[in-house]
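Colleague: Input sequences plus hints: build the corresponding full structure.
As a plain string of letters, each chain reads:
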Amino acid sequence: MNIAQKPTFVLRQRHLLGIEGLSREEITGLLDRAEEFVELNRQIEKKQSTLRGRTQINLFFEASTRTQSSFEIAGKRLGADVMNMSVGSSSMRKGETLLDTAITLNAMHPDILVVRHHASGAVDLLARKVDCSVINAGDGAHEHPTQALLDALTIRRNKGTIEGLTITICGDILHSRVARSNIILLNTLGARVRVVAPSTLLPSGIERFGVDVFRDMREGLHNSDIVMMLRLQRERMNGSFVPSSAEYFHYFGLDERKLGYAKPDALVMHPGPMNRGVEIDSSVADGTQSLIREQVEMGVAVRMAALDALSRNLRNA
Amino acid sequence: MLSDRRPILLTNARIIDPSRNLDSIGDLLIADGLIRDSKRGIGAAGVPEGTEIVDCRDKVVAPGLIDLRAFVGEPGAEYRETLASASQAAAAGGVTTIVCQPDTNPPIDEPPVVDFVLRRARDTAIVHVHPMAALTKGLRGEEMTEIGLLKAAGAVAFTDGAKSVTNAQVIRRALTYARDFDALIVHHTEDPNLVGEGVMNEGEFAARLGLSGVPKAAEVVMLERDVRLAALAGGRYHAASITCAESLEVLRRAKEANPNITASVSINHITLNEVDVGSYRTFCKLAPPLREETDRAAMVEALTSGLVDAVVSDHDPQDVETKRLPFAEASPGAIGIETMLVAGLRLVHNGEISLMSLLKATSTRPAELLGLPGGTLRAGSVADVIVVDLDVPWVLDRAQLKSKCKNTPFDEARLQGRVVRTIVAGRTAYEYV
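In the order they appear, the protein sequences are chains A and B. Under this note's numbering, think of the first position of the first sequence as 1, with each following residue one higher. Under this note's numbering, think of the first position of the second sequence as 318, with each following residue one higher.
If a hint is listed, it holds; no wrong ones were tucked in.
Below, simulated SDA-like cross-link-like pairs (lysine to any residue); rule was C-alpha separation at most 20 Å, straight line:
1. B:Lys640 x B:Glu729
2. B:Lys640 x A:Thr101
3. A:Lys129 x B:Ser596
4. A:Lys129 x B:Phe600
5. A:Lys129 x B:Val637
6. B:Lys640 x A:Val130
7. A:Lys129 x B:Lys640
8. B:Lys723 x A:Leu99
9. A:Lys129 x B:Thr639
10. B:Lys723 x B:Asp636
11. A:Lys129 x B:Arg598
12. B:Lys640 x A:Thr97
13. B:Lys640 x A:His118
14. B:Lys640 x A:Glu96
15. B:Lys721 x B:Asp440
16. B:Lys468 x B:Arg490
17. A:Lys263 x A:Phe214
18. A:Lys129 x B:Gly595
Listed next, with one range per pair, are the computed distances between beta-carbon atoms:
19. A:Arg234 x B:Gly393: 35 to 41 Å
20. B:Thr441 x A:Asn187: 57 to 63 Å
21. A:Ser240 x B:Gly551: 35 to 41 Å
22. B:Gly623 x A:Arg128: 42 to 48 Å
23. A:Thr161 x B:Glu514: 38 to 44 Å
Simulated from the structure, these hints should not be mistaken for lab results. The beta carbon of each residue, even a glycine, is placed where N, CA and C say it ideally should be.
Modeller: Written as structure tokens, this is what we have:
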């Protein structure tokens, strides 16, 4: 099976920095393309040649196992030479700035840079200084576009469509790039998006994001088709934003009782890594309504679709 | 010394003197470092021999600007700005007096440092320089400095610069003590705990960018605390840089009851708003942050009404290393001493503020607040005078700015009007050719 020969759409931009700015057609195009890669990834022979000869550098300033390996596998399956660079072993520790790193890497002529950084806007800043295509693999609390795309793909495959669904995002909205990207994407595709969180974990102005805001799981989950849980960082659960992980779990952790407020066929998602017993109970995470493992599978397909689409815009492509 | 300055006659000028609310066509004669006469028809015949006669038809002649809040890196951060480079930038922007801030290294918290700055300025600067001294030792916000001795050495006011004093008792004591010396306390009103990790105005825009917000309450809470302490202590208090409409309400109430309370706004906060941050423009990262458009408009209105007394440049040179970073990691601050007048002229051309109000807030009121000469064109006053072409259009190129650092939020901005001559104590310090 060689799906790379099919006529395919291209993204308007050279980079994939966020969901914001993508049209409905571009999002749908990426999801359609990803569907094809899902099938491919289930074959024994998975290797494609779209990115043969291309160099992909995964530049991670913030530790991540799953996103980095997902991008690595995606790149390799498309035939790229993939190099991983993480901050622990790089000269950023020696005081080199983000832009120095960008300029250094740029001189090695990579074709695609996949970048994660702890500061909002850092990937955007880096993208302006390099000649290759850049994929944002998460910047601060700003955007994480491939996560939103893989979530959308997972939902679409299970519910057939996204339009008209009630999708509820629960937890640390304030610090979550996943929430931001998802809110934009799901709104663009016509879902009704809700957020549920304690007020300390909601950003100021959230009501103007095109979401319905709830502070109570029973109300927020009522009639939901999809319940999307977010990770609560450990340093935020001991008195700074919420009093304790126990209190947080009591009011906002997704257990079977709270999931019962949603529609009977509601499905549960989590971008991982999960804090079991903090934002989600194991019985739900591993239960029949959980899509969490499928999300990981979709992650590789979506990243292949993104790499594939951007490769059409590369030099000499 | 004074006699080596050639007299200057500025003729046919539109003379604007906010100290007398005067706006009329006339001539201005400068000799021996002083304004000799200002009236219609002095003419070439009535001036001393050797006088330089400058035709100022279609140009404005006004008092030089007095910038109450400029960070200069001397001593300790000369790579960012020296008194010499700051003064060059000032002269090019029509600023004839710089009031430099004490957050240097070492800080200006002892009389010898005041002395050092004054001597360096005398030897290297082409405009007047007056330092503010630290309000607390080492800018630590704990113990007050030698307010009496520092004032005697030449400090014109007391402030911890860009730092806020969180301990209310310290501010209260300082205000009480400063009263005996009639010293002005200038305070940056931003509660650091409420600022937290915030890097831009809190609200929808920050949330969309994924940036931590600084609530307006960080400013309002501290301003409210300060004006109440000022009322208790009775000293003269000046809020260094207020930014939002809520602060104006606090200020209005405080000023009604207490004439010793005054306030400034920075040029950035009357010409820019949070939207100018755009996609993470670090040159628009300021502390306090740019606010909403409604706040900006309210600040401009408050200048016209006189509720806010002065406009400052809040000049803060930051080099590439501290600005070419992700937004949250970049240093706050923008240069502004060279552009504050032309940026302000945008508001004048838009009809948001009168030229008289703008000049009053940048020259006459600052002089009154600090008891400095200047800010007026009265005969007998120091000849700190600018000539401005209000109409010439140009595009700002930051490479052309005289400051050592180029972190201007107005790069590539289309501007209208520029300073064509700056006269400091009767001597031409800058001329645009």
